[in-house]
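Please put together the full structure from these sequences, using the hints given.
Top line first, the protein sequences correspond to chains E and W.
Under my numbering, residues 1 to 370 are what the first sequence spells out, in order.
Under my numbering, residues 1 to 303 are what the second sequence spells out, in order.
Treat the hints as calculated values from the structure; they're not laboratory data.
Be aware that a few hints might be false.
What the hints assert, rightly or not - For the chain E half of the interface with chain W, some residues (derived, Cβ under 10 Å), not all of them:
# : residue
1 : Gln90
2 : Leu94
3 : Gln97
4 : Leu142
5 : Gly144
Unchecked claim - Here are the computed lysine-lysine pairs in the DSBU-like style, where the Cα-Cα straight-line distance is at most 35 Å:
#  : chain 1 : residue 1 : chain 2 : residue 2
6  : E       : Lys328    : E       : Lys301
7  : W       : Lys127    : E       : Lys81
8  : E       : Lys259    : E       : Lys328
9  : W       : Lys290    : E       : Lys216
10 : E       : Lys138    : W       : Lys13
Given the structure is predicted, the values throughout are model-derived calculations rather than measurements.
Positions of the beta carbon are idealized from the N, C-alpha and C atoms, including for glycine.
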Amino acid sequence: MTATAKMDKPSVSVRGLAQSYGALQVLKALDLDIADGEFIVLLGPSGCGKSTLLNCIAGLLEPTEGQVFIRGKNVTWEEPKDRGIGMVFQSYALYPQMTVERNLSFGLRVSGMPKEEIAKRVKRASEILQIEPLLARKPSQLSGGQRQRVAIGRALVRDVDVFLFDEPLSNLDAKLRAELRVEIKRLHQRLGNTMIYVTHDQIEALTLADRIAVMKGGTIQQLDDPLTIYNKPKNLYVAGFIGSPSMNFLKGKIEGSGKTATFKLGSGKVALKDYEAAVPLKPAASVLGVRPEHIRVNTEKEDGASEAFKAIVDIVEPMGSDSLVWLKVEGQQLSARVESNQHFDPGQKVDVRFRINLASVFDEASGDRL
Amino acid sequence: MSDISIMEPSGPKPKLWLEPSRIGVYAFLVITALYFLFPLYIVIITSFKDLAAIRDGNIFWPQLVYPEGTHWYDPWYRAWFEVCTGLECKGISPNFWNSVIITVPSVIVSIAVAITTGYALSNWPFKFSEGFFTILIVGSFVPYQVMLYPMVLLTKNMGIYSTLSAVVFVHTVFGLPILTLLFRNYFASLPVELFKAARVDGAGFWRILLQVFLPMSLPILTVAVILQVTGIWNDFLFGVVFAGLPNYPMTVKLNNIFTSTFGVKEYNVEMAATILTGAVPLAIYFLSGKYFVRGIAAGAVKG
Chain E
1 MTATAKMDKP
11 SVSVRGLAQS
21 YGALQVLKAL
31 DLDIADGEFI
41 VLLGPSGCGK
51 STLLNCIAGL
61 LEPTEGQVFI
71 RGKNVTWEEP
81 KDRGIGMVFQ
91 SYALYPQMTV
101 ERNLSFGLRV
111 SGMPKEEIAK
121 RVKRASEILQ
131 IEPLLARKPS
141 QLSGGQRQRV
151 AIGRALVRDV
161 DVFLFDEPLS
171 NLDAKLRAEL
181 RVEIKRLHQR
191 LGNTMIYVTH
201 DQIEALTLAD
211 RIAVMKGGTI
221 QQLDDPLTIY
231 NKPKNLYVAG
241 FIGSPSMNFL
251 KGKIEGSGKT
261 ATFKLGSGKV
271 ALKDYEAAVP
281 LKPAASVLGV
291 RPEHIRVNTE
301 KEDGASEAFK
311 AIVDIVEPMG
321 SDSLVWLKVE
331 GQQLSARVES
341 NQHFDPGQKV
351 DVRFRINLAS
361 VFDEASGDRL
Chain W
1 MSDISIMEPS
11 GPKPKLWLEP
21 SRIGVYAFLV
31 ITALYFLFPL
41 YIVIITSFKD
51 LAAIRDGNIF
61 WPQLVYPEGT
71 HWYDPWYRAW
81 FEVCTGLECK
91 GISPNFWNSV
101 IITVPSVIVS
111 IAVAITTGYA
121 LSNWPFKFSE
131 GFFTILIVGS
141 FVPYQVMLYP
151 MVLLTKNMGI
161 YSTLSAVVFV
171 HTVFGLPILT
181 LLFRNYFASL
191 PVELFKAARV
201 DGAGFWRILL
211 QVFLPMSLPI
221 LTVAVILQVT
231 GIWNDFLFGV
241 VFAGLPNYPM
251 TVKLNNIFTS
261 TFGVKEYNVE
271 MAATILTGAV
281 PLAIYFLSGK
291 YFVRGIAAGA
301 VKG
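Now the structure itself:
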């Protein structure tokens, strides 16, 4: 069941959404369709408008312009409670004076649901999240991970269509973050709800998302599944934001055109016949983007790889499973990921090849992928 | 591996508290405490003396023996039930009740209104809320004297001038700017996500205030109650201007007792009346001092 197959009936749609505070434009005429049951991650640095977008969908912010639809219904002017959404916040936002049980049931009590039904739902949610032993405690008596479970439970009991997560794991330490990440993914597989998840952590985005929306300056730069985002970034910004260590950018220019085009790097040339260009190539100043794992050091020629360039080893960073080697090629610095059994010394002269079939070429002026 | 040796604690034991710097600190504290406690001591022992002992005795020494038929509490009894101002000799007790009748509703109403206004200003911004808030801040710096005459006219036109209601009204109005500021800043210091979570849960304006924010507001409520109770109880100006003769609060009555030139000057009764008047704020401070400090730290000073 792919996202596009169900897109004829989107779960959440955003049309021409704009948000501005005076002269400051936080969101710029944004369109977004999210399929039913899809896990979508809004990824970007702070200030890119991702939280603003989420708050607009939740109904906590009234957009300056544009409209929001949930399950085909225009909810732009609806109260948050009438939108069929549940929200989980970074700071957990549990009511400190209420027990876990009261925290979970608060929304249900507000809506005037019968007591037995409330008890049933609280029981079910606390079973799913394994917080049954904590029901009588106050939030101050819980650990960070437990608090966030309760916060998720608060959305769970309300039986909502759409879950909204606003950086839910950012306040947790690394180990707990990895654990809860898996739990959120499991929860999504079990419930099948639509989930919209805001984060600045690319690992969370890549591991959780069906599709990632990479945002910058109030616009969506690229909206694709994680592998496409990783392998075929639409522009220099997305390419540089995703991946750690980040993609190498080599400045040069394209000579020739079409299948016979070459990328001129310093005194050498890289044939682009193996590169799947999105647009016909033509001579222009451009940037070759190669991920560290797509650079071969001191190896034989293989399919899709370029001719060898002379390089000098600068620094070697062993990372356990593999090593990161910093090199100087044609006056430009780049990093290559090599197997840890390959040994290099600083100052050593080596040959490097770029796997052009996996690389990206960008127009230098516009930054767009070619 | 040869030359290292673990160093044990050596030298003389550190002195516990009688170091010169400590002596200086304690001396300062003792002197300061005495400076404030000594007058209080004089007031208290004088209030238990009879007039003969005040005239003849040492001002620093309490009276230990009372003549036949008199008691140590006689000046206090006189202050509460009998002391005269002008032709009226009912003591200070009716004015105590006036002060209670003024203080209780003023405190409740001003805090109830301010907590709602502060909450609205902090969490439900409306078109001119920032401007409104600025006016409020400016308002809290306007000296009361400037507003005195307009308020007299206002209460006269409302038909409540010279009644206890007028005093309650004036105290409520003048308490609002500073209290609203206090509550707005406190609510602004609470995590905004809490408010958002409550809205997603479907709670409205009043439910969020009463069920989510109010239970978290104990520290700031304590501050507000202390500020208002002591401020209103100690007030002299509004009492003397707005209450009218039979409705004077305790402070005004106390002043009238002092300035009354009728007959003998009864220092002991005056001292007793003074302590009775000051007892309420004093008790409030003693009972809630800890919470007061906590509340101040909890957000009263945050912008």
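- May I ask which of the numbered hints given earlier this structure violates, with the numbers listed in increasing order? Violated hints (numbers, rising): 4, 5, 9, 10; every other hint is consistent with the structure.
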